[in-house]
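The task is simple: from the sequences and hints, build the whole structure.
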Amino acid sequence: MSACAAVHPHLPTFVAGELPASLRAQVREHLHQCCRCRGEAGLLQRAQSALGELGNEAADPRHEAMFADLHQAIVAATVVAGPAEGVGSAAPRAVVPSARVVAVAAAALLLSLGFLIGAGSGGSAGLARPSRPVVPAGATAMTGREAIVVVPYAGPRVELRPLGFDRAAAEVHDPFARGDGVGASGLLARRRLRTLVEEGAPIPPVEPPRASAVGADSAPR
Amino acid sequence: MLPSHDQRLRAVAAPSAPPGPLALPPGLSAAIQQLAIDGAISDADLVRRTLAGEHDAFAALVARYQRRAYWIAYHVIGRTEDARDITQEAFTRLYRSLAAYDFARSFYTWFYRIVMNLAIDALRKLRSARAGSLDDLLGSLADEREASGEQPFLRDEQNRRVWAILELLDAKFRAVLVLRDIHGLSCREIAPILKVTHATARWRLHKGRQMFRDHWERSERRGER
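Protein chains in written order, with my numbering: chain A, 1 to 221; chain B, 1 to 225.
Please keep in mind that the hints were generated in silico from the structure rather than gathered at the bench. Keep in mind it's a predicted model, so treat the numbers as computed, not measured. Just so you know, even glycine gets a beta-carbon here, dropped at the ideal spot from N, CA and C. Check before you lean on any hint, since a few could be wrong.
Reference excerpt, derived from the structure (chain B facing chain A, CB under 8 Å, subset only) [unchecked claim]:
(1) Phe58
(2) Thr92
(3) Tyr95
(4) Ser128
(5) Leu177
(6) Arg209
(7) Arg213
Pasting the structure below:
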């Protein structure tokens, strides 16, 4: 980078007298040697000087009468017109929350109330549910017919019962069921798992699903 | 060492006056004058007194700041009548929102921000209202100033060129140039007034000076022909 290119960006601040002392000495030294940069600095100086000259307009004494009128007009429009909010009371103004703050607080209150109500009723408060199947106390002592496992699931709750006592399964329409008692997959398949009792009790045979629910669509009309 | 804000306030309010008491508008009562020129009474004290119901305190605040507010507005908008209206509106808004003043912050920064916002808004409205060419614009400006008969110094060729160039600059660059190069505020003071960062204020100043210098060079070349 040439010396001119290094000095050029600093010229406006140099002319304005805002350059740090260390840089100022370098720029001044360069200007002594470089005619072109000196010309540029002169142009900047003339431009900034002309701009600063506008401030001298304030020295014109003919504005005095205007300022006297302006002062009267301002005082008349403010103090004489009547006190503004908070003016005339030594006590500081009470802090009034804005409408936005009130709305957010109300929304938060309603949300927390809804959450508490939902959790209390065990309805839609999904977050309050346990993450693993809950086996009621004493379930291991039960027979396979009586044991109930509540499966935590975001959808409708399902009671798992051993096969042969599966009336609920017959009442649920399973579009993937083939009608021969073999479910396809998913919730219905899980419901039919005989996971609870392997204690040797005889398990009744699988009852065929009732025609009114499963396979009703394929029934002859 | 840079002059303090109070020193600059006195200098800009009355550049020709000797250092000493702040130049005040004529016709003020003795009580208001005393409040306005007393260096021991800060702006925040005057605000407190106004809030306590002391009307003279607000009149003293007006006396302290009306010149500076007027000249800032004038250099941004370029029209005397508009500058008067902006000054009056700025003090009216100040009075209405005085109870919200944060005493931990600088009063003049807060007040100048009101003035600058009003002035920049007025400038933008003025520019959007003028659909004519730049020549028409500059011609009409010159006519208005000459017709007012109040500012014969604006007939000066150099000032006319400066005004013409300021008219070409975007409001945000013009605002920084006015505050820094005409009114002598530092970039640290300008940044909160314009509600920008210090770096942004410095960049706008640099860019604004560059643009002003380019226009000035063209203007000089045209003048030489």
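A quick look at each hint next to the structure:
1. Phe58: holds (5 Å)
2. Thr92: Holds, about 5 Å.
3. Tyr95: With Cβ-Cβ at 4 Å, under 8 Å, it holds.
4. Ser128: violated (24 Å)
5. Leu177: Check passed: Cβ of leucine 177 of chain B comes within 7 Å of chain A, closer than 8 Å.
6. Arg209: Given a least distance of 5 Å, the restraint on arginine 209 of chain B holds.
7. Arg213: Check passed: Cβ of arginine 213 of chain B comes within 5 Å of chain A, closer than 8 Å.
Consistency with the previously given hints fails for number 4 only.
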